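Assemble the complex: chain C is given as a structure, and chain L must be docked to it using the hints.
Now for the letters of each chain:
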Amino acid sequence: MNQLSDFTDGVFLIDFEFRPENGREGNTPEPVCLVVKDFLSGVTSRYWKDDIHSRSSAPFSVGRAALCVAYFASAEMDCFLKLGWQLPENVLDLYVEFRRLTNGTTPPNGAGLLGALLYFGLPTIAAQHKDAMRDLTLRGGPWSEQEQIGLLDYCETDVVALELLLPAMLPTLDLPRALMRGRYMKAVSHMHTTGTPIDTQMQLEIATYWEQIQDALIEEIDASYGVFEGRTFKTKNWADYLQKEGIAWPRLATGRLELTDDTFKQMARIHPKVAPIRELRSALSEMRLSNITVGDDGRNRCLLSPFASKTGRNQPSNSKFIFGPSVWLRGLIKPSEGYCLVYIDYSQQEFGIAAALSGDEKMMEAYQSGDPYLAFAIQAGAVPQGATKQSHKAEREQFKACVLAVQYGMGEISLAQRINQPVARARQLLNLHRQTYRTFWAWSDATQDEAILNGKLWTTFGWEIRVSGQVNARSLRNFPMQGNGAEMLRIACIFLTEAGIRVCAPVHDALLIELPLDGLEEGLAKAQALMRQASSAVLGDFELGSDAKIVCYPDRYMDERGQVMWDTVMSLIQKIKGQ
Amino acid sequence: MTQNTPPFSSLRLTQNFGETLGVKKVLTTVPVGRPSKDRFFRTHTSESWVFPTWILENKATGETYLVSAEVASALDDQVRAVELYAAIDRQNNPFLIPIPLPGPNGVRNRWHESLAQAVEKAKSVWIRISANKDLGGYDIFEATAKLPGPVWPDITMDELLEVAFKGRVITSLDHPIVQERLGGI
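Chains as they are written, first to last, in the working numbering: chain C, 1 to 579; chain L, 1001 to 1185.
Since the hints were derived computationally from the structure, they do not count as laboratory data. This structure is a prediction, so every number in the text was calculated from the model and none was measured. Possibly wrong hints are sitting among the right ones.
[To be verified] Below, computed lysine-lysine pairings styled on DSS-like, alpha-carbon distance capped at 27 Å:
1. C:362 to L:1024
2. C:362 to L:1123
3. L:1146 to C:393
4. L:1024 to L:1121
5. C:362 to L:1133
6. C:400 to L:1146
7. C:362 to L:1025
8. C:400 to C:244
9. C:393 to C:549
10. C:549 to C:577
11. C:393 to C:362
12. L:1024 to C:456
13. C:389 to L:1146
14. C:456 to L:1025
Extracted from the complex, chain C is given alone in its bound form:
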């Protein structure tokens, strides 16, 4: 399928209007109306709510010889799944393709449908009218006859917009790969529909006592620091504390203290005594429990915002997505009775991608050893052959930090801080990386040259980034790892959802899936095999392994980084309840 004329059963431009079921964010959609236009014949069909809900399948061909075109297609696919309709075989999402076309640049009017139309100099409807119609949909029924016509007319304007946009974008499309991305949008809908099970009772309990918990946390932790006044972190008090303790703290160019969470994180490694205050700040600032959107069925659902980041990764709302806020809140994730949740993440994904795509045989060998950090130390000659994680723990930690530093584009000073060693040691480690993995570094240099000389980079399946203006060499060098990591996870989502595995959510380079307790092992083996296949698709037959963390009912999911905070909050709740 390389051109529109290949779709002999039709090219259908579609748009749904919908609202969350019962008007509650976190619920699956309630389709209100649908407009379909056959791009080739020009015939438009309009369907109101009752009509679409009474159908068992879409009112147009969704088979292999038909193409379904939409703008932000996961929303349309969400409606398909809600209605129990078979998803279209071929989906072309013009939003995704517009993002690809403009990725790395700033389209003057954004990446929405109006922005895309304006980008191509096409006529648009007024944004105000769009907002009014969206509000009318969200208001919920019943809708008067006039309102129904108004909504259908509005829905049709989006289809007319697609009719204008498709020919304008056609010369820019790489159709076979665009259909692959469309296939991912179907997977996104499956994930939207599945959602992540939440312990809503506990969520309510934490929310109920949150103010008292905050005060108790501050009282308990801040007692040794004296930096909070009420619930406010006072910079001056922090400066006084640092002076008293003799801690040299990073400062901004203006001379003010650097107070980002990242700085606290780094400094907590060097001065462990500042770690509790960092935890407290993080807990207080990121705690937006009520914003996490949970549906009537107790599942967290939010727009996963596929392809929103430059690397093509999803960018769900930090406050609505359960994996967005502070890690301790992930303790709210709890499998339903009879089910297990499995968090599967690729093992050292970035290292593996860098090894395979650069063709650095030593790096590939290190990845395949199962412990690339130790293998690197052995290859660099820093530890003897036969060294183990136990026999050379300290060296392994340093070489691990070095590998991560290279991935993050850290310099010798940051690495030295991270490993709490002199800068000379950090410099030596970074040099050893360059000396050991020469092929990788030559490829990394070439990646930067390509980006600067040719103005763009691309992933194995054609997600592109354009380079102009001020260049960030570090992120350009890292793009192949991040962009292809995103490709890998997208393909994994496609494989798993198409195999009928319930994927709750993608989390950076990991997936949270839901499996019945009965048949857990087979389900997990199948999921991990599909993830290996996905890595091989991206890396040209080089497979990446994955690690799985299983939580079965009645246990709850827990990120180890948040365990202490979770336990503290739980004990505070007990204490408050006992008062």
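Structure of chain L alone, referenced to chain C:
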């Protein structure tokens, strides 16, 4: 995978960035001299990467000049007959190590002799050298780790010499440096 979709492998694009651009590192500096005491290095194993010549050292500026036979005979003991050995450090930076040839009696001083031994040793292992004034020679420290071999730049010895002595080749007695050494103006 659904039936009508092509296998992913058929859609895979290569990541051979820079391959068509032909960007390569240009060698612009090749130092001449003994490596510092903290610099591990290797020397080339091939005889063709050793160049016998005369050099003139300007201690004040730290510059080393390549001198033709005709000029060398005029400058007499101000020039040194040396062999230039191609060497490379762990950061892939090539350089040249001059080793004075034995005197008319066929004997080298102890410093030069130990430097020659170090250069020979560096053909097979990574070493660094450090002056030992008590002994009157260089101590050789061999890297105990199993390190990968050197990666030499894709150029010839002549090209290496050209970069090392760019603007510093003396072929005529009229050269200002020669005139200065001969007491001319």
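Hint check results:
This hinted pair checks out: residue 362 of chain C and residue 1024 of chain L have alpha carbons roughly 22 Å apart, not beyond 27 Å. The straight-line distance between the Cα atoms of residue 362 of chain C and residue 1123 of chain L is roughly 23 Å, inside the 27 Å bound, and the hint therefore holds. Distance hint between residue 1146 of chain L and residue 393 of chain C is fulfilled; the C-alpha atoms sit about 20 Å from each other, no more than 27 Å. Proposed proximity of residue 1024 of chain L and residue 1121 of chain L is contradicted: the alpha carbons are some 31 Å apart, above 27 Å.
For the proposed pair residue 362 of chain C and residue 1133 of chain L, the alpha carbon gap of about 42 Å is over 27 Å, so the pair is violated. For the hint linking residue 400 of chain C to residue 1146 of chain L, the alpha-carbon distance of about 20 Å falls within 27 Å, and the restraint holds. Our distance criterion of 27 Å between C-alpha atoms is met by residue 362 of chain C and residue 1025 of chain L, whose separation comes to about 23 Å. Between residue 400 of chain C and residue 244 of chain C the alpha-carbon distance is near 34 Å, which puts this suggested pair outside the 27 Å criterion.
For the proposed pair residue 393 of chain C and residue 549 of chain C, the alpha carbon gap of about 24 Å is at most 27 Å, so the pair holds. For a cut-off of 27 Å, the pair hint linking residue 549 of chain C to residue 577 of chain C is broken: about 33 Å separates their Cα positions. Straight-line distance between C-alpha atoms of residue 393 of chain C and residue 362 of chain C comes to about 22 Å, which keeps the hinted pair within the 27 Å bound. Of the pairs offered as hints, the one joining residue 1024 of chain L and residue 456 of chain C holds, with about 19 Å between alpha carbons and a cut-off of 27 Å not exceeded.
At most 27 Å may separate the alpha-carbon atoms for a hinted pair to count; residue 389 of chain C and residue 1146 of chain L meet this at roughly 19 Å. Distance hint between residue 456 of chain C and residue 1025 of chain L is fulfilled; the C-alpha atoms sit about 21 Å from each other, no more than 27 Å.
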